[in-house]
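K.L.:
Each chain is listed here by its residues.
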Amino acid sequence: MPEPLLAVEHLSVEIPTRRGVLAAIDDVSFAIEPGEVLGVVGESGAGKSITGAAIIGLLDPPSRIAGGRIVFAGRRIDDLSDAAMRPLRGKEIGAIFQDPLTSLNPLYTVGRQLVETIRVHLGLDRSAARRRALALLQDVGIPAPEQRIDHYPHQFSGGMRQRIVIALALAANPRLVIADEPTTALDVSIQAQIIALLKRLTREHGTAVMLVTHDMGVIAETADRVAVMYAGRIVEIGPVRAVVKEPRHPYTVGLMGAIPALGLRRERLPQIDGAMPPLSAIPSGCAFHPRCPKVFARCRGERPELLPVGSGAAACWLHAEALGKRP
Amino acid sequence: MTQEAEAPLLRVEGLARHFDVSPPLLNRLLERRGRVLLKAVDGVDFAVRRGETFALVGESGCGKSTVARVIVGLHAPTRGRVLFAGTDLARPAPSAERRRLRRRLQMIFQDPYASLNPRWRVRDIVAEPLRTHGLCDGEGAVRARVDELLGEVRLAAADGDKYPHEFSGGQRQRISIARALAATPDFLVCDEPTSALDVSVQAQILNLMKDLQRELGLTYLFISHNLAVVYHVSTMVGVMYLGRLVELAATADLFAAPRHPYTRLLLATVPDLALSGRARAPLAGEVPSPIDPPAGCAFHPRCAYANDRCRRERPELRQAGRSRVACHAVEEGRLPAEG
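Protein chains in written order, with this note's numbering: chain A, 97 to 423; chain B, 1194 to 1532.
The hints are simulated quantities; they were obtained by calculation from the structure and are not laboratory data.
One or more of the hints may lead you astray.
Unchecked claim - Some but not every residue of chain A turned toward chain B, in silico, with C-beta under 8 angstroms:
#1 253
#2 286
#3 314
#4 340
#5 342
#6 405
#7 406
Unchecked claim - Mimicking EDC-like on lysine to aspartate or glutamate, the simulated pairs with C-alpha atoms at most 20 angstroms apart in a straight line are:
#8 B:1403 - A:369
#9 B:1403 - A:363
#10 A:341 - A:300
#11 A:341 - B:1465
#12 A:390 - A:363
#13 A:295 - B:1465
#14 B:1232 - B:1509
#15 A:295 - A:277
The beta carbon of each residue, even a glycine, is placed where N, CA and C say it ideally should be.
This is chain B alone, in the form it adopts within the complex:
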């Protein structure tokens, strides 16, 4: 495959991000308690090739948004590194060079109500990256570029003179996308970009994102909890559970032949709109706290195939068919094929 030969645009290696959630020092001393670490992300590896849409999927607290935030530099990694176009983004490189790389990597947030400054006109919101990075010569050029960007997200140039509150949720998300595109990125990190939107508006935004990807040659890291949306937009999928990847596969493979028991559980919980009569499998149990994750495989308390090894030894991602799966049962071949 020629794609294999090409170096990935983004590579995440052994990435971990821990948060110190200890009680205050005085309480620790008086109550003789130690430090408490929340391991939001604990050893994640993946690579995203140019032009691809890589989806990270999982339930609340699985660490998918933390991965996104580390990649764009909103959090520093505790361990591991993020290589963008071959350069470690955390390593002190010459600042001009790092700034140039950072510009190529932009983010779209979930809540279009919180991510736009309500006191700024849309024109200024979209122009901010142009001014910050000095991408346009003079205010005339800024104006022309903002009009062009608004056009790219199918808004009218006249919308630039309005304030965010004058727009619906879907239109605000278009403004967020225009602002991200202003920096002429080639990589967009999208953290649940349609989760706050109604389905008909979600369809508009997903279509727009696909159009832009084709027109501008964008690469997406797409964070979502919605498997149907992930199925629709992505080319590769990483399934996360309690800070680690449990399965990594091409979208077609993952949905045709899910291997990890947690992936199977997630797929079984997608509501059935075809009314095929398939009962949703309401699996018992909840996601445990990442402050005190279960030993061995973090999924073992909810897993029907767990044995002693699963309770003791943490599985690593290993090749299984065309997918990569972190599961002892899959590795040992004692997991039944899904019918």
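The shape of chain A in the complex, shown without the other chains:
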């Protein structure tokens, strides 16, 4: 088996507070192969964005990695100093965030930001860097790039800004892009354009993508595999088709059922009662057990690990029963 591009092993992230240390991410493991698109889906507070931030070393203090390892291209990166991480970030691992305005400097033209990124990471001279910047803008679909390259971020619409952010993230040909809710702030018709663009460019460049979003629709269209997070843990992971068509964890089942779909009009949407627990009150055993329609005794006392089921894995004791692995 080829070595994965990114391996996250037993990662834990904690947030120290006045009232004790909270576990934001609790023992999360997954891998991304070269060129693969892994979707990470979950609702607010599930820990999906923190996982992405931990990988690129941009956790907001006082959050910190409390355990586990992150290995990128065979090299451990979770214990790197900020100075050692900086050349990796942007060059090897690109990032796209929800709000394009926070990723762009409002005081510099987009051309200057692109040229600077290209020169720092690829060591090109000014005119070669500008040629590459123009080609990138063309690639992400900015009309008339020769004129637009000297414009400031505020002179672009939201969709165009997100295209520029994608150009910046891909400027140094990174091997992995972490895209955190890249289309959430955009209108639906623009969203489709950005998703198509991201898919095309990453396929052309062979870039692997970790796509973090709350939108199962975006994942279904874009990802190869998907990891579903709940209360700081992965509850299910597998090929996107399998997870969408035949979810195995009761939370994924509920999540898929709760999405209104065209062509299937129901009087009521199947709903999961209650809400995701706050980090300060994660239930014992399986964190989903108080909301789970299939809960039984073992779920309350014992925490399930990811167990293989079908073509993926789910952290649910139902599948241990099915496998006959009950100790």
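Here the structure of chain A is known, so what remains is to put chain B in place on it, guided by the hints.
P.N.:
Just chain B, lined up with the frame of chain A:
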């Protein structure tokens, strides 16, 4: 049809709302620039029958929220009028009468974090309309009514003594609904009520709204950008583009046979969860600025069927099958039926 005979509960006629976004007077004089008008809503007609859920759908800047705000009286209309139960809400009527009508028309906002006063207990937030409109006799009655309202939105009476920050987004939206219901309205304007919520919470709120509609006989104007949600909740849909309605149809008709090219575009961009392999059609172009909308049909720069007439002449809503559509191509029969 008997519903046709019944007068609509809400009628919007030729509604327009323009905003003056001109630079300051001094700049206008020095730079010789004129006034600039943003035509957020520019001629919208529709009617909502009792018990119906009428959805207004469109992308940012199409004017759907401005329509909602004009209807509840947060903006005055620039042109046209809003008739509620047959009475023009903007016309100076006796104030007691207008107050009574306004009470019957309430609004739920998108952001449950911004629409609740963080310094008030939930009990006082829900009681405010009761006190303002003098709907209860004495504090005991207010208390009993607040408990009842919290129950209606499936919150516990004890939740009344807490502050908004102690609740999740979904629970806050329940509080907003309880506050709106306190005035015993028969018409609720809901401006993206679930857009800020996670999907599992969205399902809870949509189910609650449907239950309340059935229990209390409510009529909804439902503003949303999410077509799947609109498909799920509404009975009638109006599609807006740059301040005007481009298509008006019963929900079943609109989704089975979308007619306007913009409606078709919106439907094609809904993410495909069935994994049927249908590629999303990423239509080129963006919504133009409402300050300087294209001449003729505002959609023509993005439309594959645009011709000279579309660039010149603004289409009006006309009957097309069972829908009403503002499109020259539909009217002339040169738009292919959608496969």
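K.L.:
Next step is simple, just say for each hint if it's right about the structure.
P.N.:
Now for the hints, and whether the structure bears them out:
{"no.": "1", "hint": "253", "in the structure": "6 angstroms, holds"}
{"no.": "2", "hint": "286", "in the structure": "6 angstroms, holds"}
{"no.": "3", "hint": "314", "in the structure": "6 angstroms, holds"}
{"no.": "4", "hint": "340", "in the structure": "6 angstroms, holds"}
{"no.": "5", "hint": "342", "in the structure": "11 angstroms, violated"}
{"no.": "6", "hint": "405", "in the structure": "19 angstroms, violated"}
{"no.": "7", "hint": "406", "in the structure": "16 angstroms, violated"}
{"no.": "8", "hint": "B:1403 - A:369", "in the structure": "16 angstroms, holds"}
{"no.": "9", "hint": "B:1403 - A:363", "in the structure": "8 angstroms, holds"}
{"no.": "10", "hint": "A:341 - A:300", "in the structure": "28 angstroms, violated"}
{"no.": "11", "hint": "A:341 - B:1465", "in the structure": "12 angstroms, holds"}
{"no.": "12", "hint": "A:390 - A:363", "in the structure": "23 angstroms, violated"}
{"no.": "13", "hint": "A:295 - B:1465", "in the structure": "15 angstroms, holds"}
{"no.": "14", "hint": "B:1232 - B:1509", "in the structure": "17 angstroms, holds"}
{"no.": "15", "hint": "A:295 - A:277", "in the structure": "15 angstroms, holds"}
Checked against the numbered hints given earlier, the structure breaks hints 5, 6, 7, 10 and 12 and satisfies all the rest.
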